[in-house]
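When you get a sec, could you build the whole thing from the sequences and use the hints?
Residue 1 is where the sequence shown starts when you use UniProt numbering, and the numbers rise one by one after that.
None of these hints come from the bench; they were simulated from the model. Among the hints, erroneous ones may be present.
The calculated EDC-like cross-link candidates involving lysine to aspartate or glutamate, where the alpha carbons are at most 20 Å apart (straight line), are [unchecked claim]:
1. K143 - D119
2. K25 - E183
3. K139 - E122
4. K177 - E156
5. K143 - D31
6. K25 - E156
7. K139 - D9
8. K95 - E146
9. K143 - E183
10. K25 - D62
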Amino acid sequence: MFELSQKPDLPNGFQYLMPVISTQKAWSLFDFLRLNINWQQPSIQVYGKFHPIPRLQCYIADSGLNYQYSALNLLPDAWNEPLFAMRQRLQTAFKQPFNAVLLNYYRNGLDCMGWHSDDEPELGDHPTIVSVSLGAARKFAIKDRETASQWQLYLEHGSALVMTGMSQQLYVHSLPKQRKVGEGRINLTFRNIVNK
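Take a look at the structure:
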């Protein structure tokens with residue numbers, strides 16, 4: 001259903017797909033989400049001090065599916081029509097259930113995400129996560145936990161990065177600062193919350 005883009009080799013469990021949504025539809029969705037999502041900027045504790053996360057976020061999921069990371073307990077907003085339609089399309093394409101999506105809005109290149117893995121217990125042991133990018137192309141980095149080897153690629157407007165298998169156990173990933181990027185990017189990470 002999707003075309004596999006010819007990108008630099010990525011480690012096992014990571015696949016870059018381009019495009020998963022047409023350029024025009026991707027811009028329409030970007031504008032809709034930017035203006036119609038309940039964006040929040042919670043604070044997390046780092047070395048004993050609370051700091052606002054360097055981006056905006058919103059968590060959307062089926063009713064009752066809370067999500068926790070970095071001591072944050074996220075309560076879900078309800079699905080809107082465009083995101084529900086994308087959820088259905090991705091479920092068909094990947095033959096995987098997706099009952100939640102975490103949206104991150106990087107307002108410019110100073111907004112970022114540090115090294116982390118999506119290995120929370122409620123995602124299960126080997127989650128499939130589909131990360132759709134809208135807006136400005138941003139650098140994405142992957143690092144092997146054991147060897148510290150790194151891979152980098154640009155996540156382009158309308159693309160998706162699919163993370164499966166042992167990707168969250170063996171690697172960490174980040175979206176570093178890029179001071180020269182002045183435009184915004186919205187990232188949609190579709191996932192399936194399971195009861196442990």
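Each hint, compared with the structure:
1. K143 - D119: holds, 15 Å
2. K25 - E183: Answer holds: K25 to E183 is near 18 Å, not above 20 Å.
3. K139 - E122: violated, 28 Å
4. K177 - E156: holds, 16 Å
5. K143 - D31: Since the Cα atoms of K143 and D31 sit roughly 32 Å apart, the hinted pair is violated (cutoff 20 Å).
6. K25 - E156: holds, 14 Å
7. K139 - D9: holds, 15 Å
8. K95 - E146: With a Cα-Cα distance of about 31 Å, the restraint between K95 and E146 is violated, given a limit of 20 Å.
9. K143 - E183: violated, 26 Å
10. K25 - D62: violated, 24 Å
When each numbered hint is compared with the structure, violations occur for hints 3, 5, 8, 9, 10.
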